[in-house]
Each structure stands twice: as C-alpha cells, then as structure tokens.
Amino acid sequence: MSEKQTNTSLTDRIWDFFCSLKLTIIILLLLALTSVIGTLIQQNAPAEEYIREYGQANYELFVKLQFIDMYHSWWFIGLLGLFSINLICCSIKHFPRVWKFVADPQLVASPGTLKNSANRAEYAVKEDAAQVSRRLSELLKKEYGKVTETEKDGKSYLFAQKGIYSRFGAYVTHLSILIIMAGAIIGNLWGYKAYVNIVEGTSTDKVWSRSGQQPVELGFTVRCDDFDVSYYPNSRRPKDYTSDLVVLENGKEVLKKTIEVNDPLTYKGITFYQSSYGPAGNAFFKVKVTENATGKVLNLDARQGEHVKLPNGYAFAISNFTENDRQFGPAMQLSVNAPDGKPGRPFVVWKNYPQFDVKRAGIFSFELIDFQEPQYTGLQVAKDPGVEIVWLGCFLMMFGSMSAFFFSHKRVWVCLETEAGKTKIQLAANAHRNQAGFSLAFDEFKQKLDATIENKSPEKEG
Amino acid sequence: MDSGTLFNLVTIAYFISMVLFFAYLAARTNSVGLAGNLTALVGLILHTAALGMRWYESYQILGGDGRAPLTNLYESVVFFTWSIVLIYLLLDLKYKQRTVGAFTMPFALFGQLGAQMWLNDSIDPLVPALQSNWLTYHVITCFIGYAAFALACGVSIMYLMKIGKEESFEGDKSKMPGLLGFFPPTRVLDDINYRAIMIGFPMLTLGIVTGAAWANYAWGTYWSWDPKETWSLIVWFIYAAFIHARFTRGWVGRRAAWLSIFGFAATLFCYLGVNLVLSGLHSYGGA
Chain A
1 MSEKQTNTSL TDRIWDFFCS LKLTIIILLL LALTSVIGTL IQQNAPAEEY
51 IREYGQANYE LFVKLQFIDM YHSWWFIGLL GLFSINLICC SIKHFPRVWK
101 FVADPQLVAS PGTLKNSANR AEYAVKEDAA QVSRRLSELL KKEYGKVTET
151 EKDGKSYLFA QKGIYSRFGA YVTHLSILII MAGAIIGNLW GYKAYVNIVE
201 GTSTDKVWSR SGQQPVELGF TVRCDDFDVS YYPNSRRPKD YTSDLVVLEN
251 GKEVLKKTIE VNDPLTYKGI TFYQSSYGPA GNAFFKVKVT ENATGKVLNL
301 DARQGEHVKL PNGYAFAISN FTENDRQFGP AMQLSVNAPD GKPGRPFVVW
351 KNYPQFDVKR AGIFSFELID FQEPQYTGLQ VAKDPGVEIV WLGCFLMMFG
401 SMSAFFFSHK RVWVCLETEA GKTKIQLAAN AHRNQAGFSL AFDEFKQKLD
451 ATIENKSPEK EG
Chain B
1 MDSGTLFNLV TIAYFISMVL FFAYLAARTN SVGLAGNLTA LVGLILHTAA
51 LGMRWYESYQ ILGGDGRAPL TNLYESVVFF TWSIVLIYLL LDLKYKQRTV
101 GAFTMPFALF GQLGAQMWLN DSIDPLVPAL QSNWLTYHVI TCFIGYAAFA
151 LACGVSIMYL MKIGKEESFE GDKSKMPGLL GFFPPTRVLD DINYRAIMIG
201 FPMLTLGIVT GAAWANYAWG TYWSWDPKET WSLIVWFIYA AFIHARFTRG
251 WVGRRAAWLS IFGFAATLFC YLGVNLVLSG LHSYGGA
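Heads up: the protein sequence lines correspond to chains A and B, in order.
Following the UniProt record's numbering from start to finish, the first sequence increments by one per residue and tops out at 462.
Following the UniProt record's numbering from start to finish, the second sequence increments by one per residue and tops out at 287.
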C-alpha cells in the first residue's frame, strides 16, 4: 500500500511539475535568453564565414551545439515542445475550475461573501421582500443581464453576472499558440520556399527550392512578358519594380497580373513575389549615324560590345550603357575605330539629347534611337498550406488576450430576508480581475441601487 | 507654420513639463503637478498637430506618393515620444499620480531632443518594400506597445526606489516622510506597472502579428528569424513571463519590477540596438 502511495505521488509530482507556473516562467525566460544567440551568430551562413570570424575550434563547437541553425536545433525545438506540454497541462488542470463557473454558477451567496466582500451594500426597508426584489431584479437585469432567483431557507436570493467569457481568454490565448505552432509545422512539412529567375519573354515550369537547390515542378507554366523599374521624378530612387506575369496551363493563358513589391500573384496555392532583377545578356540598340561630310544617314542595329561597320573602313562599338545617366536619362558610351583598327576616344551619347553629338564634330555623329536591355526578374516562390491556420491562431490570440486583459467576469449577489417586519437586503459584487476599476464602477452602481431601494429614479434625485 | 517649428515647440513644452514635475517633487504642491500635466497635454496637442502637418507636407513634397509620418528612424522616434505622453496622460486620468510624470517626461524629452539633434528629418519617398498599408498598422501598434513598456519601466524604478524604505519604515506607511513618502504607495506603483504592461502586451502582440502578415504578403514568409523579429519575440517572452509571474507567489513586487525594467531594456535593444549592432530587414529606410 505504501508503495502504491509513492507511485501516485511520483506521477503527481511529474504532473505537478508540468502544471507548474514556475516552469512556465522559467521556460519563457529561457526561450528569451537562448533566442539571443541566433541574433548574435549569423544563421545558416557558409562554413568558411564562421571559421574566418570565430576560428576552426569555435566553429566545431557551434556545429555541435547547433548554433548555426539554432532555431531548428533539437534543444530549441525541445524547449518549444516543453513549452507546449506545460501550456496543455496547465490548461487541463485549471479548465474544470473555470468551466464550473458556467456549468454550476454560485447562485446563492454565502454569509461570508455578503459580510466581507469589498463591494457590498446593506439596507433595511419597510416594504415587503417581493416588491423590493422585483425592483432590484429590474435594475440587475439592466446592468448585468439575466437574473436568477433562488429561494433557500426562507430567504430569497438574486444572482446576475456578465463577462464570463473573459475567464476563457487565457485558454483561448493558450490554444492559439498551439494552433500557430501547428500551422508552422504544416507549412514546414507540406510547403516550400523557392526562387526562380525568368528572362523577359521566356517562361518556366519549375522553380528552385531554397533548401537543397532542388528543382520543384509547378504543374503549370509562368511567363514573364516584361520587367520594369520606375523611378521617382527627378531622382534615382526606385519607386517600383514590376513584372508582367502570365500563368499558362497546357499552353492556354489562365491568369495575368502585373506584380510588384508588396503585391504578389497567387495561383493554385503557390505565390510569386517580386524579389530582385538583373541584366540578362547584352543590350540591343538602334542607332542613327550621320556621316558629317556627306550628310548620309544610316540606321544601324548594334549589340553591346559588338563592332559595327561604318563607311570607308570605319567601325564603332558600344562599350557601356545605362538606363539613367545622372539626371539625363538613357546614355550609351561608344568609340569609333579608325580604318587601321586603332580605337578612338570613347564618348557618350544621350538618348534625350540627340543634337549633342553633332557638336563633337567627329567624322560621324550618333543618335540613340531606341534600346532594349533584356532583363530577368527574380521571383520568390512560396507554397504554405499552413498559413491560414497561423492566421486563425493569430486572430484567436488577439481575441483571447484582449478578452483576458480588458474584460473581467463580474458577479453580483443579493440576499433578501424578512426580519421583524422589515426587509433586510444584503448585496455583494465582485470581479475576477481589475478590482480597483470594479470598485469605481460599483460606487456608481451603488447610487442607482440606493435610488432603486428608495424607489425613486436617480435622475430625479440629482 | 511648418512641422519642424511645431516639433520644436513640442520639445520646449515637454522640457517645461519635465521641469514642472521635478519642481512638483521638490515643492509637493498639487498646483505644480497639475501645471506639469497641463503642459504635457499642450505638448501632446502640438505634437499631434505636428504629426498631422508632417503628413500633409509629405503630400506637398511628394505629390501622390505622400504617406503617414511613420517611415524612418526620425519619424518613429517622434511617434514613440507621442505615444509615451499619450499613455502617461491616459493612465493619469485614472490614477492621478503626478509624481509618475517626473519619471515619464524625461523619456519623452530625451526622445524628442535626440530625434531633432541627431536624426535626418527630410521627407523622402518610400522604397518599394515599404509601400504598404501594413506599415502604418505595424508601426502604430508596435510603438504604442513600446511606450506602455516605457511607462511601466518608469514606475518600476519608482517602486524599487521606494520599497526598501517602505519595508523598513516603522508605523503608518502612508505617513512616510520625505520624497519617497510623496511617491504613490508601492501597491499603486505595482498596479500601474501591471496595468501599463496589460496595454503594452496586446499591442506588441498585434505589432508582431501585423509585421508577420506584412512579411508574408511581401515575401511569402511570415517568420524568418530575422534579428528584429527575434528580438520582438524575446521582448514578448519577457512580458509573457511577467504576466504569468503575477499569479505566482514570490514573483510579484521586486522581481516584477526588475522584470519590467529588464523588459524595457530588451524593448530598447529591439527598437534601436538591432539596427545599430545587428543587420537585418528593418533598415528604417536608410536613416
């Protein structure tokens, strides 16, 4: 028998350990403390970087302690697991007590409550109990909602309450944390994060996973028709990066959208985010060349870096190009080679100032008519089937914590008894939180109460 | 009048208010405390006007690209100080403990002075990453949370200053002599501390959630353990521990006050330290 007792007490001890609020506080502070590590040591960087910064020995230590990817380390996940167990155990332990307030509310106040409550009132009136009780019920109904009447031991009792849901706020908040964790796990198991670069005018049906660089089949095709950068007026500050995306299934266009930063495209649970861009191959130019001696005009096509023939053995090559040269707009840098192949001095031609190059007074003058600079758009691609669950959790968390912090369960009890021809009225009220605020509200309520007992409306009195 | 001039007036009002609160501590005359409060209120009204003016000016300068003044370090500090004064005046409505003003207005004044002396107050257009309505919700909720924590830290300092003396004082605690006797009772300070954190914690939670929602909308990842995100979670853990500590014997009083101060230190690091020391996504638009 004694052995059985130790057994139960051991399970009890384990149970108490997991239910303990002290454990909660310690876990929360440990989570705070350990999370700092990952903000000081860069996460998921290449090995060489750690070795360069901290040395080989420290790097090996970091690997052993899983500091390189600490938010996914066994000990951090373990801590989160312990946190969840603690949360569940605490909730299981305390929930029945709270549920009792719903299932079995205390309808009859004990003499102790009526005598010692911080918010109480006592009256004695000549009217009979039934009449006073009716008036009180009306007042309570207006202030608290439903009133329950009970007769016991020749006394009559009234009970009313409001805000009982705020007792559940903490449980809703705790549940929400578990829901968010579940959403995160689902996202990790069945979702992916990937990226893809699409050159303007081309399409892709696979993207590249961030973990493992494996190709992931989309099951449909995405085409980028155009990529664009726009700038704020008179400034080099980019205003927007946009890509015209088209989703194709079996060669048929099914969805078209111009995405930009902060405005992605979603198709079949896969979302494409504007993330980066870059040049793809050499720029292509349309150039108008005038031979100054004869006035002869040539319209030529050129690629960057390519030599293009001019009359009389001359040639030119575009060596550089920018879409925006300071404030002057698109500009190309080029040089003219003499017939002997000797390269000339490089000079700049601006698209927006076609007359400028005439003043250079060379053998040829150049105008930049048009250009095309093929670019690729860099897209982040994400599939996260858990994200809705995470939002549900976030919503419950806000809802739960607001109702837990800003509202309280308020109860009021009345006891009426007839004593020596008089009706004795005792009233007590309490709130399970924010006692100070409730006291103030009770003082106001008491004025209405006084008026009700004396059977006159407080407005007339004031 | 432009917003710059208005912000200067705000700083002056907060300075006068702080001096009045210090004078209140010395003189212990209620009218001085009231004057401190009224000056703070005038400052807050001017401050609100200045924020509105800056918002309006952004449309004047940037045309259709104008935006709420919540986008760079200067604007965030100025909004932070606004929130601190707002939370102080709100809690004063309830508690009427003006000595708290002497421990709150210095935070506000220091923020205003710092912003105006060291930070770049030019109104620049937004980089593409910041062009989102989430920015406004995210910043407002975070900073009201931070401001509530600042106030909680202020009263926690008062609590720790007073508690030792109060415990060793023989006789009626409400008749303690001297400056500390003039402080609110430690019971009230403890209550204000808790109440401020009850405002701050849901606001911080909402700030983290709106940040996550925005990150998901902009990048497809609601959480990436970026240093700023992680530090906001660290702050959240600390105040979550504080709230649970209220229900545990042995963790109220002194430890709660220390936890509150510790929490605000973490908040400041999350707000400023992460940007100055660590690298990440929150660049404050290059400020």
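Some hints could be false.
Straight line, CA to CA, 27 Å or less: simulated DSS-like cross-link-like pairs of lysine-lysine [what the hints assert, rightly or not]:
#1 B/Lys96 with B/Lys175
#2 A/Lys342 with A/Lys142
#3 A/Lys424 with A/Lys155
#4 B/Lys228 with A/Lys239
#5 A/Lys268 with A/Lys193
#6 A/Lys206 with A/Lys383
#7 B/Lys94 with A/Lys383
#8 A/Lys288 with A/Lys206
#9 B/Lys228 with A/Lys446
#10 A/Lys162 with B/Lys94
#11 A/Lys448 with B/Lys175
#12 A/Lys115 with A/Lys342
#13 A/Lys142 with B/Lys175
#14 A/Lys64 with B/Lys228
#15 B/Lys228 with A/Lys193
Source of the hints: derived by calculation from the structure; they are not laboratory data.
Since the model is a prediction, treat every value here as computed from it, not as a measurement.
Hint check:
1. B/Lys96 with B/Lys175: Holds, because 19 Å separates the two Cα atoms, which is no more than 27 Å.
2. A/Lys342 with A/Lys142: Distance of about 100 Å is beyond 27 Å: violated.
3. A/Lys424 with A/Lys155: It holds: about 10 Å lies between the C-alpha atoms, which stays within 27 Å.
4. B/Lys228 with A/Lys239: holds, 25 Å
5. A/Lys268 with A/Lys193: Roughly 15 Å between the alpha carbons, so the hint for A/Lys268 and A/Lys193 holds.
6. A/Lys206 with A/Lys383: holds, 13 Å
7. B/Lys94 with A/Lys383: Cα-Cα ~49 Å, so violated.
8. A/Lys288 with A/Lys206: violated, 41 Å
9. B/Lys228 with A/Lys446: Between B/Lys228 and A/Lys446 the Cα gap is close to 50 Å, so the pair fails against 27 Å, i.e. violated.
10. A/Lys162 with B/Lys94: holds, 23 Å
11. A/Lys448 with B/Lys175: It is violated: about 35 Å lies between the C-alpha atoms, which goes past 27 Å.
12. A/Lys115 with A/Lys342: violated, 110 Å
13. A/Lys142 with B/Lys175: Violated, at about 43 Å.
14. A/Lys64 with B/Lys228: This hinted pair holds, its Cα atoms lying about 26 Å apart.
15. B/Lys228 with A/Lys193: holds, 21 Å
Hint violations for this structure: numbers 2, 7, 8, 9, 11, 12 and 13, all remaining hints satisfied.
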